Every structure is written in C-alpha cells, then in structure tokens.
Amino acid sequence: MKTVIKTTNLQKIYNNSVAPVKAVNNISLEFQEGEFTAIVGPSGSGKTTFLNLIGGLDKPTGGEIYIDGTEISTMKESELFDFRLRNIGFVFQSYNLIPVLTAKENVSFIMLLQKRSKAEMEQRATEMLEQVGLSDKLNSRPNQLSGGQQQRVAVARALASKPKFVLADEPTANLDTESAFNLLDIMEKLNKEENITLIFSTHDQRVIERAGRVITLVDGSVSKDEVIS
Amino acid sequence: MKTLLIISWRNIWRNPQRSFVMIVAIMAGLWGGLMAASLAQGLMNQRFRTGVEQEYSHLQIHHPEFIKQDNAKYVIDKREELSNHLDNDELVAAWSGRTIVSGMMGTATLTSGVTIKGIDPEMEAQTTFLDKNIIDGSYLEESARNPVLIGRSLAEKTKTRPGSRIVLTFQDLEGELASASFRVSGVFQTANSYFDETNVFVLKQDIGQYLGKEMVVNEIAIVLNDLDQVSEFARTYASKYPELEIRTWSQLSPQLAFYNELGSTMFMIILMIILMALAFGLMNTMLMSVIERIRELGMLMSIGMSKRRVFVMILLETTFLTLTGAFGGMLVGYTTVHIFQNKGINLGNVGGDSLTDFGFEPIIYPELAPSYGLILPILVIITAFATSIYPALKAIRLKPAEAVRQE
Ligand SMILES: Nc1ncnc2c1ncn2[C@@H]1O[C@H](COP(=O)(O)OP(=O)(O)O)[C@@H](O)[C@H]1O
Ligand SMILES: [Mg+2]
Chain A
1 MKTVIKTTNL QKIYNNSVAP VKAVNNISLE FQEGEFTAIV GPSGSGKTTF LNLIGGLDKP
61 TGGEIYIDGT EISTMKESEL FDFRLRNIGF VFQSYNLIPV LTAKENVSFI MLLQKRSKAE
121 MEQRATEMLE QVGLSDKLNS RPNQLSGGQQ QRVAVARALA SKPKFVLADE PTANLDTESA
181 FNLLDIMEKL NKEENITLIF STHDQRVIER AGRVITLVDG SVSKDEVIS
Chain B
1 MKTLLIISWR NIWRNPQRSF VMIVAIMAGL WGGLMAASLA QGLMNQRFRT GVEQEYSHLQ
61 IHHPEFIKQD NAKYVIDKRE ELSNHLDNDE LVAAWSGRTI VSGMMGTATL TSGVTIKGID
121 PEMEAQTTFL DKNIIDGSYL EESARNPVLI GRSLAEKTKT RPGSRIVLTF QDLEGELASA
181 SFRVSGVFQT ANSYFDETNV FVLKQDIGQY LGKEMVVNEI AIVLNDLDQV SEFARTYASK
241 YPELEIRTWS QLSPQLAFYN ELGSTMFMII LMIILMALAF GLMNTMLMSV IERIRELGML
301 MSIGMSKRRV FVMILLETTF LTLTGAFGGM LVGYTTVHIF QNKGINLGNV GGDSLTDFGF
361 EPIIYPELAP SYGLILPILV IITAFATSIY PALKAIRLKP AEAVRQE
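In order, the protein sequences belong to chains A and B. According to the UniProt record's numbering, the first sequence holds residues 1 to 229 in order. According to the UniProt record's numbering, the second sequence holds residues 1 to 407 in order.
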C-alpha cells in the first residue's frame, strides 16, 4: 500500500482570540491510497482546520505534512495554488459551483485551469457527470439543481481533475437524509470502483458508517482511529 | 481566457438591477459629457471661424510702423508687385487691400470712436463676405456718393439707418484734421457686436481723396485655400518682402488660437470629471459584488484558480460593465450631436444677447471631432482598469481557508 498523506505532530494554534486556541493539536496520521475515511467529532473539534491543513489551504503552526512524500507546509503560496489544482479535489459544504456556468462547464472549468485539451475536457466532464448520475443535467445551471445534485456535481468536478485524493468538508450538512445517503453511495462507489482516496468530515451519525475508517477528533486531538470492515 | 470572458460577462448579469443602474449611469454620464463637450467645441469652433472669416482672415500684411503707430501714412510698399504676386499665387483664395484710419463718427447728437476701413467692395466681399452680413440697406456701390456701412450696434447707438447722413472726422496724411459727410448705405452685423460697434466701411477711393492720396493701402488681408498652409505661406512672403510685417491669424489674435485649443481642453476636463464620478460608483458596485461573493471566490482559489485569473476576472467584469454603458452613452451622444449638428441649438433664448456680446453666435452647432470616438473608449477602459484594481486586490487578498468558512 502507498501512503498518500502523512502528518507528523501537526499543530494549528489560533492566537487571535483572548486565549490561544489549539484547533489542531499534535496530530500524526497516515492515509493510504484507496482509503475512505470519515473525520468525525463535535462542532469546534478541529475537523475543518485539519482538512484545510492537509488540503494546503492553511499553514500549520507546527509539524509537517507530506503529500506523496512532498512536504507542503513549507511551500510558497503561489506554489500551493498550483499544487492544489494538480493534486487535491475539494468538495465544500456549500457554494461549490460557479453559478453562471452549467454543470458540465463547472466540471470542465477545473480541467481548463489544468490546461487540458478541449477534447479531453469535453469527454471527461460528460463521463464524470454520468458517474454521479447526472447525465441528464449536463446543461443545467446550479440554481436549476437540487442541493444534492449540486453536491454531486462538486464530486464530479473534484474527480475530473484526477487528484491524488479528495477532501470533503461536511458535504452532507445541508442535505436531507435521502440526498445525503445518495451522495455517500456515490462516494462509496467511486472509492470501491475507481480506488479514489476520499476523506470527508461530518458530525452526522447517519453517514459515518459508510466509511472504511473513522477518525474521531476531540479538542483538536485524535481520540479514536478505527478501521471498519 | 474565453471561458473567463464568458464567466465575467455572465457575472455582471447576476444582479441585473445593479448592473443596469450602473450601465444607465455610465450612459447618462457619457451622454451628458458628450453633449457639453460638443456644445463647447461647437461654440469655440464657431468663434474661431467667425473670427477668422469676418475679422482677421488667415493672414494680414502691414507696414511694420503702422502696427506700432496706427497712422495711415504708413502704407504698404511695393503694393503693385505684391498684388500681382497675390493674384497669381495658387495658395491664395482671396485677398483685400484696405485703408485703415482711426477717427470719429458723428451724427447731429452723438459722436463715437471708430476705425474707418476703406475697401474695394468686390475684393472685400470675397475675403470676408461682408456683403453677406448686410441686414439692412445695401452693400457699398461704386456709383453711390460717399456711401458708408456701419455695424448694427453702432447704428442702434447713434440711431442711424440707411439713408442717414453721418460725418467722419480723421487726420489726413499730412496730419491735418479732415471731415467729410457720408451717407449710410447699409447696416451689417457679424457675430461680434464689439466689432460692429467700432468699424465702419467706406470706398477706398473716397477715403483716399480726403486723405490726400488716391490709393492708400495700410492692410492686406489674405484668405488661403487651405488653413494649414498658413505658416508656410507666411514664411515665403516674409523672406520675399522683408520690409513688410506679415502675421498669421494666431499672431493677430492669440485669443482665437486660445479658443481653438479651449474646445478640446474643455472636452477633456468635462470628461475627466464625469469619469471620476463614474469611477467611484463603479468601484462601489464592484466592491459590493466582491463582498457578496467571498465564499465563491474562496472556493475558486481553493480549487486552484490562480490569483492572477481571479484578478483578471474582476477586471473583465468591470470593463464589460463600463464598456456596455460607454457604448450606449456614445451611441446616444453621437446620435444627439448628429441630429443637432445641422439644426443647431438656439441658446439665444436662454442667454439673450450675452453670447453675441462676446463674439459668439446665439445658435450653437454641436460638434465632435471624430478622434474623440477613439479617445473616449480608451479613456473609459483606462478608468475601468483603474477602478477595478482595488476591488480585484480585495478579492485576491482573501485567504481561501477563511473565505470558504465565512458564514
Ligand atoms: N480563524 C480562526 N481564528 C480563531 N479561531 C478559529 C479560527 N478558525 C477556527 N477557529 C477555532 O478552532 C477550533 C476548531 O474549529 P474548526 O476546525 O472549524 O472545527 P470543526 O470544523 O470541527 O467545527 C474552534 O474552536 C474554532 O473556534
Ligand atoms: Mg467545520
């Protein structure tokens, strides 16, 4: 097995409040290729902060982050933009899509940023949207799609860029139960069939059991790390 | 880049109301600016044209001493040779030799200081179109006995009409005071009422007779076929007739040269003020649109859209918004100017006689130099670029991690 992400003594302390907040406190973890991991924990436990750190969106105040063996916490900001574009797929809780572009244009957009060929963009965008069950919504704008459909487009976009792994921060938080399960079904399928490395955070008990590995955070530290078979 | 263009264009229509208001504001601003500028330009051009056509012509030739002392005894030497030369010069459209004498015009009740100009009616008509400016009575005729043309404001002031007798008093070439009776044959009016009040025209031979010499030519006014050849023409004649003083319209009337510049300067000033006002409105609009999209911009930068691209996107949005308005404004502005270009806008109703007092015609024909059609969009684009810098900087200074967290 191949290690995709490795953190050692990862730490993020926010100093801007009255007392310093240890949002991420000494986390050392490894994520293997093809793993489907849920990061769980109550609100404020540091899930988002941790995902932002391994996603190269934020700088740690201590420790190291290795992506495929490359230390990213020392990278310059401009290098990180490009690194994210080529290596990491993102799905956020909301505001994932460009409202003025259709589903297909949204998926193509990331490949455009990667400077892929037009033909490849065209083909892959259609393919990815088929994978998430939206082949009939290629030309719909985000406001013509339900919340669940929008999140599926976001997943399609995240995968279209052929990332090393996909990070999803509370992707189901704004969804009803059915849509939430549906989204997890799709993520599970992509993980199994395409061997995509997926890490998602949630405090939603309903969807936790879909993951193959569940890491529980409490006050910025790992309190439990269990593999579910 | 193409996708970025599409996104930017569509983005400005996400809040159609706000964009529409901004576009209409830009349109109105530019329309107003173009109208004001074209009126100013029209006014200045008219002042310039009437000044050159009716008063100064393109060039004038004098005896150097005449300019200093304003005495009719300083006549133009080599008159015969010069007139031959002018008659055969292809650059020359028309010219007129004049006797110039300072004197007084008197009626039974009133006297007024005037410049008496002795002219050849035919040649003067071709040079300054004086015959076209007769509003009452008739132009000078060789057959009449001592006819005189006086300006409208002088006629009103002295209460004279065609047929009235007046007395002109002046010094003859010997320095003796001479007086002669003239009969008003016509009243003229130019755009410059001051000119009308201070100039009277008589036949050259009539005034010559009282001065004591048949042909007294103190001034030659010349009109060329092409205004642009004035300086070259002046140089040639200056070297050929070093004993004469030859001056171009801009040397004769620095004021006219100034008006000529003023038109375009005023256009620039008006435009700058309008663009500056628009820039603030525009900046406000763009800032609002950036602030509303913090999460979306954070998302874009998170997935790897470079800051450069985000910057360009905001820049394009501002430019599209501005250009749409500017295009509309220019279309409406140029159309309006085109409509009134030949019809004119009568400001006489508003300003009364104050315009003519300053030598302006009451009806203004708005004019826009075609070059403005190029300068304007360039200035507008520069404004759009300058305006978008701050909102665009605001956008790229967002920290992706924080921006996506925004509630
Ligand atoms: N920008 C920030 N400045 C100060 N404190 C922050 C900031 N962002 C997050 N925090 C704090 O860090 C802790 C972890 O937050 P977060 O990672 O958002 O947790 P979760 O995603 O699990 O809800 C919280 O106590 C939060 O208040
Ligand atoms: Mg969170």
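If you are wondering where the hints come from, they were derived from the structure by calculation, not from laboratory data. Quick caveat: nothing in here was measured; it's all calculated off a predicted structure. Hints may be right or wrong, so weigh each one.
Label-pair ranges, simulated between beta-carbon atoms [as the list claims (entries may be wrong)]:
| # | chain 1 | residue 1 | chain 2 | residue 2 | range |
| --- | --- | --- | --- | --- | --- |
| 1 | A | 78 | B | 258 | 48 to 58 Å |
| 2 | A | 147 | B | 273 | 29 to 39 Å |
| 3 | A | 68 | B | 28 | 53 to 63 Å |
| 4 | B | 369 | A | 74 | 25 to 35 Å |
| 5 | B | 393 | A | 122 | 30 to 40 Å |
| 6 | A | 212 | B | 393 | 40 to 50 Å |
| 7 | A | 115 | B | 9 | 19 to 29 Å |
Yeah, the Cβ is synthetic: ideal placement off N, Cα and C, and Gly gets one too.
Okay, the hints, checked on the actual structure:
| no. | hint | verdict |
| --- | --- | --- |
| 1 | 78(A) with 258(B): 48 to 58 Å | holds, 54 Å |
| 2 | 147(A) with 273(B): 29 to 39 Å | violated, 49 Å |
| 3 | 68(A) with 28(B): 53 to 63 Å | holds, 58 Å |
| 4 | 369(B) with 74(A): 25 to 35 Å | violated, 60 Å |
| 5 | 393(B) with 122(A): 30 to 40 Å | holds, 35 Å |
| 6 | 212(A) with 393(B): 40 to 50 Å | holds, 44 Å |
| 7 | 115(A) with 9(B): 19 to 29 Å | holds, 22 Å |
Violated hints, in rising order: 2 and 4; the structure is consistent with all others.
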